[in-house]
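Read off the chains here:
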Amino acid sequence: MKGRRTLARGAASIVGVGCTEFSRRAGRTELQLACESITAALDDAGLAAADVNGIVSYTVDPVEETELVRSVGLEEINFSARIPYGGGGSVGVLQHAAAAVASGTAEVVVAYRAIRARSGATRFGSAKTAPTPTSGHSGTTAMQWCMPFGVLTPASWMALNSVRYMHEFGVESADFGRAVVQLREYAAANPAAWGFQNPITLDEHQESRWIVEPCIHLLDCCQETDGSVALVVTGSQRAADLPHAPVRIGTASTAGLFEQEIASDHYRPDLSVMDGTMALGRRLFEDAGFSRDDIDVALIYDAFSPILLMQLEGLGFCGFGEAKDFIADGNLALDGSLPTNTNGGLIGEGYIHGLNLVLEAVRQLRGTAVNQVADARTAAISASRTGAILTLD
Amino acid sequence: MAADAPIRPSPTVTDDSAVFWDAAAESRLVAQRCADCGRLRHPPRPMCPACSSLEVEIAELSGQGTLYSYAILHHPQHPAFEYPVIAALVDLEEGVRLLSSLTDVSKDDVRIGMPVYAHFVPTADGPLIPVFRPSEDL
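Going down the list, the sequences are from chains A and B.
Per my numbering, the very first residue in the first sequence carries number 57; after that it's consecutive.
Per my numbering, the very first residue in the second sequence carries number 40; after that it's consecutive.
Be aware that a few hints might be false.
[To be verified] The following label-pair restraints were derived from C-beta to C-beta distances: (1) B:P154 to A:Q262: 27 to 35 Å; (2) B:A57 to A:G129: 45 to 53 Å; (3) A:F376 to B:D143: 29 to 37 Å; (4) A:G83 to B:T53: 36 to 44 Å; (5) A:E315 to B:P154: 23 to 31 Å; (6) B:F159 to A:S175: 34 to 42 Å; (7) A:E260 to B:F159: 49 to 57 Å; (8) A:F252 to B:I151: 46 to 54 Å; (9) A:P299 to B:T53: 49 to 57 Å; (10) A:G423 to B:A89: 48 to 56 Å; (11) A:T95 to B:G77: 41 to 49 Å.
If you are wondering where the hints come from, they were derived from the structure by calculation, not from laboratory data.
Just so it is clear, CB atoms sit at the ideal spot from N, CA and C, and this is done for glycine as well.
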């Protein structure tokens, strides 16, 4: 489809970021975690609560807007939105925030996610059968179609695609393992990460127990985490007057295809490729006019390692079936052609449902990342269904 | 089967999906077929995505298919199932895909592309659901 309109290029910028610690047990509510990360992000932006008139989060976030407004002390909200598709929609908060700012609907928008994925009642990796037929606007209707057959967790849903991918392209578990070793090397240097000072070897990966055979060992899984991340978005003109160099939202997009679900994406004809992510890549690169060669650092949603490889291919950073060689050749490392998930990813740093990948992209462009890519000026973020390109002026 | 053997939970049925589960409860495997353009579809939905027709027929399916993909589930374990669960995506010969699970096969003998066929097993509240076994067992 030609001539699609994309988000006004660079009209909005990320001017503040904040987070809590990432832990196994936060010991406080999601509402409090959200308050803490938002306040930190506003401090970072040099803005006050009274400046905020828009808020964006995920449909699955437990924090009520009314409670958030009365806790943080926001004076008047003129825009709010919630993005469906669970973690697949995580970068969609940037699209909505930027669209609201670019259209004049809101001036300062806060995007946040607060989660107790470890200590709370919503542990994704637990064995539970669902009382409801769907998963609540997370893009997963799998509950009724999967639960009676024992297919209960995101790992089990995604594994069906991963096994077909392995079959089609001759990919082996060790190929996923080499990606994980790289992520854990990054995490080992990141004091905020679960994997801080704890790198792994490929042997350790291969020896960790099966979660789903033959594609997902324990060490292929992200770390269910408690914590919160918040971002502050405003117009790029106003951004120029704020303390930090603005990180422009070069473009942000959502791409969903006919019959596509999120974790339970089982009805597209060819499940050995993430064709929804191929569509996202076209929006981010061809439509918005960015080049894959210009990407200095990539942040790619890695709830489980197989989808990291499949997104690298879907986004066009390498050919289909070639991600295993792309990774084995060291391209995801700091001295590679595409340093990726430099915070350790969701596997190595923790799982704030994808929003910590956006946080890392901002840190890279500000030059404040733990594993800093030299002179990083352009970052690509993909959560498979939503994505963005961030740039420095 | 021992009285306390694991038994699968019953599906959560909605008005939109009852056409599939109600048939399964009678040991019938069905899909919706558009009464206007003839297109088969699964999961069930009220409108034909090809022609926007709301007229729908029930197509009886043979239960014969091939294994499109699988996954051997080891962890976490829920008391309603026997492990490892072998999750399966089955491409039925009529052209729709079903998510189900495999029975009567060792995990080491599962191969993508193997022919499989449906049979029906009970769930906790009584209704039957379709699962698959290798066709060599016929």
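Checked hints:
At roughly 32 Å, the beta carbons of P154 of chain B and Q262 of chain A sit within the given window of 27 to 35 Å. Checked against the hint of 45 to 53 Å, the pair A57 of chain B and G129 of chain A passes, with Cβ atoms roughly 48 Å apart. Checked against the hint of 29 to 37 Å, the C-beta distance between F376 of chain A and D143 of chain B comes to roughly 35 Å, which is consistent with it. Taking the beta carbon of each, G83 of chain A and T53 of chain B are about 38 Å apart, inside 36 to 44 Å as hinted.
Range check, E315 of chain A to P154 of chain B: about 24 Å between beta-carbon atoms, so the 23 to 31 Å window is met. A hinted range of 34 to 42 Å for the beta carbons of F159 of chain B and S175 of chain A is consistent with their spacing of about 40 Å. Range check, E260 of chain A to F159 of chain B: Cβ separation about 43 Å, and the 49 to 57 Å hint is violated. For the hinted restraint 46 to 54 Å between F252 of chain A and I151 of chain B, the CB-CB distance of approximately 39 Å leaves it violated.
Judged by the Cβ atoms, the range 49 to 57 Å given for P299 of chain A and T53 of chain B holds: they are separated by roughly 51 Å. Separated by about 52 Å at the C-beta atoms, G423 of chain A and A89 of chain B satisfy the suggested range of 48 to 56 Å. In this structure the supplied range 41 to 49 Å is violated for T95 of chain A paired with G77 of chain B, their Cβ-Cβ distance being about 59 Å.
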